[in-house]
Amino acid sequence: MITLGDRIALFADGLQAAQGDLVQCTSWDDVWEHAVGLSDETPVVSPIAYEQLQRGELPDDSEPLRSIADRSVGITVATLAVAETGSVLLIEPTPRDRAVSLLTRHLIVAVSEADIVEELADGFRWLAQQPRAAAYATFVTGPSRTADIERSLTIGVQGPCRMTVAVLA
Amino acid sequence: MSASTAPFKTRYRRSLSDPDLKPRLLDFQRSWRESRDAQVRRLEQRTEQSFDELRRDFAAVKDSVLERLDEYIAEFRSNAEAAGATVVELSTAQEAVDYIAGVCKSRGIDLVVKSKSMVSEEIELNHELEQRGITAIETDLGEWLLQLAEERPSHLVMPAIHQKRQYVAEILGEELGREFDPDDIPAMVASARDGLRRHYLSAGAGLTGANALVAETGSIMVVTNEGNMRLATSLPDVHFVTAGIEKLIPTWADAERQLQLLPRSATAQTLSTYTTCITGAQPGKEMHIILLDNGRRAMRDSDVIGDALRCIRCGACANVCPPYQIVGGHTFGHIYTGAIGLVNTTFHHSIEEAAGPQGLCVSCGACQTVCPVDIPLPKQILEVRHRAHESGHAPLWERVALRLWARPRLFHNLMGIAAAGSGLARLVGLVHRDHLRLPLPGRLRWRSVPALPLRSGQTLIKSRPPVNPLSESPSAGRTVDLFAQCLADRLLPSAVDSAARLIEAGGAAVNLPQSQHCCGLPAFDAGDWATARRMARQTIETLEGSEHQIVTPAPSCVISMQEHWPRLFSDDPEWLERAAAVSERVHDLADWLDGPGRLPDACLSNGGSNSWSAHRFCQASNRNDAGARIDQLVERLTGETAKPLEEPDVCCGFGGLTSLAAPEVGAGILERKLACVAESGCDKLITNNPGCVIHLRAGANAGGASHQTLHYADFLAARLPKNL
Chain A
-19 MITLGDRIAL
-9 FADGLQAAQG
1 DLVQCTSWDD
11 VWEHAVGLSD
21 ETPVVSPIAY
31 EQLQRGELPD
41 DSEPLRSIAD
51 RSVGITVATL
61 AVAETGSVLL
71 IEPTPRDRAV
81 SLLTRHLIVA
91 VSEADIVEEL
101 ADGFRWLAQQ
111 PRAAAYATFV
121 TGPSRTADIE
131 RSLTIGVQGP
141 CRMTVAVLA
Chain B
4 MSASTAPFKT
14 RYRRSLSDPD
24 LKPRLLDFQR
34 SWRESRDAQV
44 RRLEQRTEQS
54 FDELRRDFAA
64 VKDSVLERLD
74 EYIAEFRSNA
84 EAAGATVVEL
94 STAQEAVDYI
104 AGVCKSRGID
114 LVVKSKSMVS
124 EEIELNHELE
134 QRGITAIETD
144 LGEWLLQLAE
154 ERPSHLVMPA
164 IHQKRQYVAE
174 ILGEELGREF
184 DPDDIPAMVA
194 SARDGLRRHY
204 LSAGAGLTGA
214 NALVAETGSI
224 MVVTNEGNMR
234 LATSLPDVHF
244 VTAGIEKLIP
254 TWADAERQLQ
264 LLPRSATAQT
274 LSTYTTCITG
284 AQPGKEMHII
294 LLDNGRRAMR
304 DSDVIGDALR
314 CIRCGACANV
324 CPPYQIVGGH
334 TFGHIYTGAI
344 GLVNTTFHHS
354 IEEAAGPQGL
364 CVSCGACQTV
374 CPVDIPLPKQ
384 ILEVRHRAHE
394 SGHAPLWERV
404 ALRLWARPRL
414 FHNLMGIAAA
424 GSGLARLVGL
434 VHRDHLRLPL
444 PGRLRWRSVP
454 ALPLRSGQTL
464 IKSRPPVNPL
474 SESPSAGRTV
484 DLFAQCLADR
494 LLPSAVDSAA
504 RLIEAGGAAV
514 NLPQSQHCCG
524 LPAFDAGDWA
534 TARRMARQTI
544 ETLEGSEHQI
554 VTPAPSCVIS
564 MQEHWPRLFS
574 DDPEWLERAA
584 AVSERVHDLA
594 DWLDGPGRLP
604 DACLSNGGSN
614 SWSAHRFCQA
624 SNRNDAGARI
634 DQLVERLTGE
644 TAKPLEEPDV
654 CCGFGGLTSL
664 AAPEVGAGIL
674 ERKLACVAES
684 GCDKLITNNP
694 GCVIHLRAGA
704 NAGGASHQTL
714 HYADFLAARL
724 PKNL
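Residue numbers (the numbering used here), protein chains in the order written: chain A, -19 to 149; chain B, 4 to 727.
Just so you know, the hints here were simulated from the structure itself, not pulled from any lab data. No residue lacks a Cβ here, since even glycine has one placed at the ideal position from N, Cα and C. Worth double-checking, as some hints may not be accurate.
[As the list claims (entries may be wrong)] Over the 10 Å line for every Cβ pair with chain B, so calculated as not near, a few chain A residues: (1) 2; (2) 5; (3) 13; (4) 17; (5) 18; (6) 22; (7) 27; (8) 30; (9) 31; (10) 34; (11) 40; (12) 94; (13) 142; (14) 149.
[Stated by the list, open to error] With a straight-line cut-off of 20 Å between C-alpha atoms, the simulated EDC-like cross-links for lysine to aspartate or glutamate are: (15) B:25 x A:130; (16) B:288 x A:77; (17) B:288 x A:40; (18) B:288 x A:41; (19) B:167 x A:130; (20) B:167 x B:153; (21) B:288 x A:43; (22) B:25 x B:37.
Take the sequences, apply the hints, and build the full model.
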């Protein structure tokens, strides 16, 4: 088992290779401040992020996706992160849980550093033990991308154009 | 009729008429190769397992599922249904289309948004739904562009790789009613966000494929980069999943193993941006999982082809395929493209659809080397070719040529006439640097026609005294049977003679078995196994007369005897045994010179500094045959270092009958090879298979290249001390 420092460093490498950024935060306030600093708009937050932050705008109950579409900054929380690949695991059973990670322009994903596992296999082991989590679970590795036009890599297609993972000490 | 649904010959001509396709695909193949190899190296380091071990492990998982498919389907079904999904097993494309249309009709759905699904392409779902008044909109950018252009994917994971940015600007402009700057790709990409959004919001159903179906929980796993799959499964109330039954895997641990291999092999990513796992219907929504057979069980039960069901649709086989680089996926394949498309089309569509591109495959074997589930694609393509031949899909000229070739005496007489003709041409000045000056039609002008030397290789050997031994190799005092190879004996006689000299230099005597002709490879390659059997039997009868070891300067014949003969005689125990008794004695010359007839290090050093590079016969190299590494052998024997040649194992474009059946493909691949040779700056290009020598030489002659092309036996034998 590698050390926490190594796991964070490895995770940062993987994330960077997938065009994502990393910020280290010491508290949920820190995460919020970082998000607020990115845009004049109030950040939108997923229900799971709201539980921690107790602020920000939640997706609408009846039309969660429409209400969030193309908002500048959104915050959600990952269940775990995978050092090997630079991925975060989002457990999002309902469209309302998913709205922020689907449709905001700049997505911030908070994850506790203790929840960074070493390998993708660890992530899947966790998932296999949590049948409910697998209702709708996504390993997200960087912002959305395409190379469908002349193989030219373009970041930000239909999902977020930027992704920052806030690693919480 | 669109570019991708026209008859094969039309598609072939169309793909050649796009001057940008070849360079674009070449650039793609090279950059993929580099990044994929780097990914695989990192994976090997991290797991401390070789790519071969990793892929065999996962292939074993897939095989175990295929063996007990019904059990895994039952497990998947019960878990998925417990989670609220509806699981239907359907046999045909028609049933799948009817089911989807039926659900849509009963729910009043007239718009379906789709994430990328090859099965939906396989069953031509969009077109079929359209006929029933239901609109399907592709939301993967590449697939959407294809839909706007009314085309099919030309690659499994980069579906619109054939489209030029100018063309993309045009079709997007038409769809969205505004102008696009072809050089502003980000703006074109961004238009998808706006262009597709309204469809997501109004669609009644979303349809996705599945990269894996996890039996232990009844879940689907889908890998994407754009995020469209998550949108298509979040907005509409109905989720259709179309998946082949071969996508089943037992557990999440197996899903993780698949992910070690899939993104690295597909897009050379460690992991794709989104790996989404969905179990059951979401609250208040419906999920319909369509498990499609459409020829898959028949495929599983077919001896040679069954392993093709391991395929995880990464597209790697196309990314290393030399003919794919020349013609692209609209020609090299049907709906499934690349090597796998040459195989599975037979089962999902028809032998007619599969037959067209068969002749384009050069049998180089590169596809299997990168396949993340180790599918024996080269072997399977030969099987499909055989079936295509059996069902009457072989061109007339090919059938006639092979029948002539199969008759040794007639072949020798024809070759004698050609040699005499070449002699006459020489006399009247129609031969330039060993090639005839013939007025060839345009599509053949890239290659000169070799003038046949008057004397065959066997005649050259018989008309000279033996070479004095250089050393006492382990073969000293023994007699070796030389199998000259029909092609080399007449077109490259010096190589046959040089092979004999090198064997003699090791101290063995060379015997030439009487009436030797052809191992049957050209006929086998063309799918004409009846003719191949005749030729193989004749060769076996010729060679079984002695107990000597057999050596040949043609590694293609070794492969033919060791790999193809067992297939030719699989139903004939007597001939199977006789074939094995002969093929066990056969050695490629390079193996011989490193093994039983080993010549000492630096024994052929001539003190000069020669400038040479080595092209390795692709088929042997891709099988990882030690003898294919002729650069190492020549370095050892001469003490000289080869000039580095890029892509030394990539085919030269000869490919047996391919360069005759599809000359533009042979020419295109040759062009790629000759560019590497020019880049190397060598004076001499040496290679190990006679067919490659003849092809590379004829191409260099026609193109006016300055280097000399020769068989390594000629290169080495020229350094033997002259007999007194």
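Here is how each hint holds up against the structure:
1. 2: holds, 16 Å
2. 5: holds, 23 Å
3. 13: Per Cβ check, residue 13 of chain A is outside 10 Å of chain B; nearest 27 Å; holds.
4. 17: holds, 25 Å
5. 18: About 20 Å separates residue 18 of chain A from the closest Cβ of chain B, which puts it past 10 Å; holds.
6. 22: holds, 22 Å
7. 27: Consistent with the label, residue 27 of chain A stays out of reach of chain B, its closest Cβ about 14 Å off (over 10 Å).
8. 30: holds, 19 Å
9. 31: holds, 20 Å
10. 34: Non-interface label on residue 34 of chain A holds, nearest chain B Cβ at 26 Å vs cutoff 10 Å.
11. 40: At about 14 Å from chain B, residue 40 of chain A clears the 10 Å cut-off, so the statement holds.
12. 94: Non-interface label stands for residue 94 of chain A: nearest chain B Cβ at 22 Å, farther than 10 Å.
13. 142: Label holds. Min Cβ-Cβ 13 Å, cutoff 10 Å.
14. 149: Nearest chain B Cβ is 25 Å from residue 149 of chain A, so the label holds.
15. B:25 x A:130: holds, 13 Å
16. B:288 x A:77: holds, 15 Å
17. B:288 x A:40: holds, 19 Å
18. B:288 x A:41: Answer holds: residue 288 of chain B to residue 41 of chain A is near 16 Å, not above 20 Å.
19. B:167 x A:130: holds, 6 Å
20. B:167 x B:153: holds, 15 Å
21. B:288 x A:43: The given pair, whose Cα atoms are some 15 Å apart, holds under the 20 Å limit.
22. B:25 x B:37: Satisfied, since the Cα-Cα distance of roughly 18 Å is no more than 20 Å.
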